[in-house]
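Undergrad: Sequence:
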Amino acid sequence: MSGKKGKGKKSFRWRHFWKVTAVYFILFVAIFGMVDYYALMAFNFLWFVAASALLAVALGYVHVKKGRRDHVDEVAEELL
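Here the sequence shown is numbered in the working numbering, starting from 4 and rising by one per residue.
One should not assume that every hint holds.
[Unchecked claim] Pair by pair, the computed Cβ-Cβ distance ranges are:
1. 56 to 78: 15 to 23 Å
2. 48 to 70: 30 to 38 Å
3. 44 to 74: 14 to 22 Å
4. 71 to 49: 17 to 25 Å
5. 14 to 43: 27 to 35 Å
6. 81 to 60: 16 to 24 Å
7. 43 to 81: 31 to 39 Å
Rather than coming from a laboratory, the hints here were simulated on the basis of the structure. We treat Cβ as the ideally placed atom computed from N, Cα and C, and that holds for glycine.
Using the sequences and the accompanying hints, generate a full structural model.
TA: Laid out in structure tokens, this is it:
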């Protein structure tokens, strides 16, 4: 027997995923909002919101799947 007793799949924490995704979404909307503002509002802001949502979901998934613990987790727990 090898010493791998009790090792199994980590469960995906959905509640933490949605909290981290919300923090990333707020961050991306703020950044894209500033880009749109300094571009003299030449773009439709709904495109930025859609891009922010897609990026936030993708980055949130990667963040939770890898099990990282950093400042984003702290902000997510404090705000949400």
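Undergrad: What are the numbers of the hints that this structure violates, sorted from low to high?
TA: Those not satisfied are hints 3, 4 and 5.
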